[in-house]
Amino acid sequence: MTASCSEGLVLPLVPISWALRSAGHEVLVTAPANMAGVITDAGLAFAECHPPVEMPEVLSYDRAGHPVPMPRGEENLLPHIGRGYARLAVRLLDGVRTLAERWRPDLIVTETYGFVGPLVAAGLSVPWIEQGMRLSSPPSITRAGVEELRPELRASGRTDLPPAMLALDLCPAGLRPQDRPGSLRMRFVPYNGRMENLPDWVLEKRERPRVCLTFGTRVPLNRSPIRGGFSLLEELMRRLPEIGAEVVVGASDAVVRDLGALPAGVRAAGHLPMGQILPSCDLIVHHGGVGTTLSALTAGVPQVAVPVIAEVWESARLLAAAGAARQVPFAEASADSVVQAAATVLKDPSYAERAEQLRAEIAELPSPAEAVRTIERLVAAG
1 MTASCSEGLV LPLVPISWAL RSAGHEVLVT APANMAGVIT DAGLAFAECH PPVEMPEVLS
61 YDRAGHPVPM PRGEENLLPH IGRGYARLAV RLLDGVRTLA ERWRPDLIVT ETYGFVGPLV
121 AAGLSVPWIE QGMRLSSPPS ITRAGVEELR PELRASGRTD LPPAMLALDL CPAGLRPQDR
181 PGSLRMRFVP YNGRMENLPD WVLEKRERPR VCLTFGTRVP LNRSPIRGGF SLLEELMRRL
241 PEIGAEVVVG ASDAVVRDLG ALPAGVRAAG HLPMGQILPS CDLIVHHGGV GTTLSALTAG
301 VPQVAVPVIA EVWESARLLA AAGAARQVPF AEASADSVVQ AAATVLKDPS YAERAEQLRA
361 EIAELPSPAE AVRTIERLVA AG
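Just so you know, the UniProt record's numbering puts 375 at position 375 of the sequence shown, and the rest follows in order with no gaps.
The hints are all genuine.
Beta-carbon label-pair distances, calculated as ranges:
1) Glu-207 - Asp-106: 49 to 57 angstroms
2) Thr-159 - Asp-258: 47 to 55 angstroms
3) Glu-204 - Ala-321: 30 to 38 angstroms
4) Arg-373 - Asn-76: 40 to 48 angstroms
5) Ala-155 - Asp-62: 13 to 21 angstroms
6) Ser-22 - Pro-51: 26 to 34 angstroms
7) Pro-56 - Arg-194: 22 to 30 angstroms
8) Thr-159 - Pro-349: 47 to 55 angstroms
9) Asp-258 - Arg-102: 42 to 50 angstroms
10) Gly-73 - Arg-102: 40 to 48 angstroms
11) Asn-76 - Trp-103: 37 to 45 angstroms
12) Arg-102 - Ser-156: 18 to 26 angstroms
13) Pro-51 - Arg-102: 14 to 22 angstroms
Hints listed in this document are in silico derivations from the structure and should not be mistaken for laboratory results. Backbone N, C-alpha and C fix where the C-beta goes; we use that ideal spot for every residue, glycine too.
My request is simple: use the sequences and hints to build the entire structure.
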């Protein structure tokens, strides 16, 4: 199993990894060294394929080390992201290929845009499976990634990446009715990192609506692409209680320290996994991250999405169109606009009703264990 250099893209691989292990299969996860703790904390075998890599750095420099300016506009940002994922694949390729040649897997599983997986699978003549990560996967990202990989494809005598044997799609039909060709819709099982002791406040009866506020693992980092994200998080923490809500800040201890004294009606959840917090919440305000979005859907919690990175903009639009969320694009976001959106969602019961409908739909999808049985049949059939 090949994984990225971002915690948010590694964690969604854990449920299918454990489903495969529970069915009696050997699972080895390979990723850059900075993902070792994330993977081993999940109880999975890990093999390093490259020294630590940071995705913002990969996106910011081309293969020759020259700076790549950040483009403007979704039509330009999505190909920029695809080329970045491809450059990451090039960095990881030698390490993953060497490991695969020694370990000889029967199947490679990789996340969406994890281009190193199909590159290595083609060289070994083994099938590969895509573990979907998002509600939507813009094809322009893949097209740009393939174009960036032209030298590697030519070297292997190919003009394109081999097709996946199967794509595991986490998007319920209520958000995207059309089935992806060659895909199986699968239930998302929240895994947001190592579990913590459940604090008493999660189970206590609450007198006010509870709002979870998080901007994920990227805030506040100096290298973060979310410029201004910390200041917006800080202002929202102080403003959201104005709408009569109890606010739970989901962030690392370092972020909480930087936030300073918490106002009345605000508590810090630290790095308590979203899957433990969300069942007790009435709303989540977040950055549009993959795991956060899907965890909220699985918990039946309506959302205010402030999507930052271009690859999740379409997911936020799908949520809003389905009536389970309000979208406030990050470039246009202010504390006033986000607080107003949160007040609207809490006041209008249709958002919670629609979120609950989607939760019920997700609960009916095949589990990772059921998906493994499909995978076994496909591999056996060759």
